[in-house]
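Visitor: Given next are the chains, with one letter for each unit.
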Amino acid sequence: NAGVTQTPKFQVLKTGQSMTLQCAQDMNHEYMSWYRQDPGMGLRLIHYSVGAGITDQGEVPNGYNVSRSTTEDFPLRLLSAAPSQTSVYFCASSYNPHTEAFFGQGTRLTVV
Amino acid sequence: KQEVTQIPAALSVPEGENLVLNCSFTDSAIYNLQWFRQDPGKGLTSLLLIQSSQREQTSGRLNASLDKSSGRSTLYIAASQPGDSATYLCAAPDSSYKLIFGSGTRLLVRP
Chain A
1 NAGVTQTPKF QVLKTGQSMT LQCAQDMNHE YMSWYRQDPG MGLRLIHYSV
51 GAGITDQGEV PNGYNVSRST TEDFPLRLLS AAPSQTSVYF CASSYNPHTE
101 AFFGQGTRLT VV
Chain D
1001 KQEVTQIPAA LSVPEGENLV LNCSFTDSAI YNLQWFRQDP GKGLTSLLLI
1051 QSSQREQTSG RLNASLDKSS GRSTLYIAAS QPGDSATYLC AAPDSSYKLI
1101 FGSGTRLLVR P
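As they're listed, the protein sequences go chains A and D. All residue numbers for the first sequence refer to this note's numbering, where the first residue is 1 and numbers rise by one. All residue numbers for the second sequence refer to this note's numbering, where the first residue is 1001 and numbers rise by one.
One should not assume that every hint holds.
For each label pair, taking beta carbons as the anchor points, the in silico distance ranges come out as [what the hints assert, rightly or not]:
hint : chain 1 : residue 1 : chain 2 : residue 2 : range
1    : D       : 1020      : A       : 16        : 43 to 53 Å
2    : A       : 79        : D       : 1026      : 41 to 51 Å
3    : D       : 1042      : A       : 18        : 25 to 35 Å
4    : D       : 1078      : A       : 15        : 44 to 54 Å
5    : D       : 1070      : A       : 15        : 40 to 50 Å
In silico SDA-like pairs for lysine to any residue, Cα to Cα no more than 25 Å straight-line [claimed, not checked]:
hint : chain 1 : residue 1 : chain 2 : residue 2
6    : A       : 9         : D       : 1043
7    : A       : 14        : D       : 1041
8    : D       : 1042      : A       : 54
9    : D       : 1001      : A       : 26
10   : D       : 1098      : A       : 62
11   : D       : 1042      : A       : 53
12   : D       : 1098      : D       : 1060
13   : D       : 1098      : A       : 15
14   : D       : 1098      : A       : 14
15   : D       : 1098      : A       : 28
Honestly, the hints are just simulated from the structure, not real lab data. Fair warning: this is a prediction, and the values are worked out from it, not measured in the lab. No residue lacks a Cβ here, since even glycine has one placed at the ideal position from N, Cα and C.
Based on the sequences and whatever the hints tell you, model everything.
Guide: Here is the structure:
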């Protein structure tokens, strides 16, 4: 049972480039979310989804897009990378908001 | 608005000591509270989930309690070991069920 899988683990982008961070879970969880973790700021919610075809904004959504075409996958797109988006990104999933949340191992992104 | 606070930010104890980590939340109308462990450079590992109807939850040497009326949860670690060294985070949902995290307590258990 793989759980929550994030790819890539590390990425360096130049300012203005775009990329997609992948997240997949094999637990048939409806609820998926993306967080960024920065020193001194803790974990902040970027976007979340309560099921296929349904997404909503979190605390810090600007500069990021998401879509949820399947239950398993929840990719995060950076449209035009900025140095302020240098961070560690975590994907999480749970059966519903009231159940245990499981996290991926993270993607460390550096924008130069 | 749900706010989650963890004090202290860092804690250093000798091996074998029993210790308590604290988590406070402002909105007591929560469905659950979850404790996580994060090792350096790694993701978050779920330790315990306490539902609002529960007072305690135990897993091995870990015991988490929840007091909704006072807006507090504690994570008790018995007989601490160097392998327990990590950052411990608590998270509570807000009124829209989004998880709100504390900033964590960085624990060092000295051999």
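Visitor: It remains to establish, for every hint, whether it holds in the given structure.
Guide: Verification of the hints:
no. : hint                        : result
1   : D/1020 <-> A/16: 43 to 53 Å : holds (48 Å)
2   : A/79 <-> D/1026: 41 to 51 Å : violated (34 Å)
3   : D/1042 <-> A/18: 25 to 35 Å : holds (27 Å)
4   : D/1078 <-> A/15: 44 to 54 Å : holds (49 Å)
5   : D/1070 <-> A/15: 40 to 50 Å : holds (47 Å)
6   : A/9 <-> D/1043              : holds (11 Å)
7   : A/14 <-> D/1041             : holds (23 Å)
8   : D/1042 <-> A/54             : violated (29 Å)
9   : D/1001 <-> A/26             : violated (32 Å)
10  : D/1098 <-> A/62             : holds (18 Å)
11  : D/1042 <-> A/53             : violated (30 Å)
12  : D/1098 <-> D/1060           : violated (28 Å)
13  : D/1098 <-> A/15             : violated (30 Å)
14  : D/1098 <-> A/14             : violated (32 Å)
15  : D/1098 <-> A/28             : holds (19 Å)
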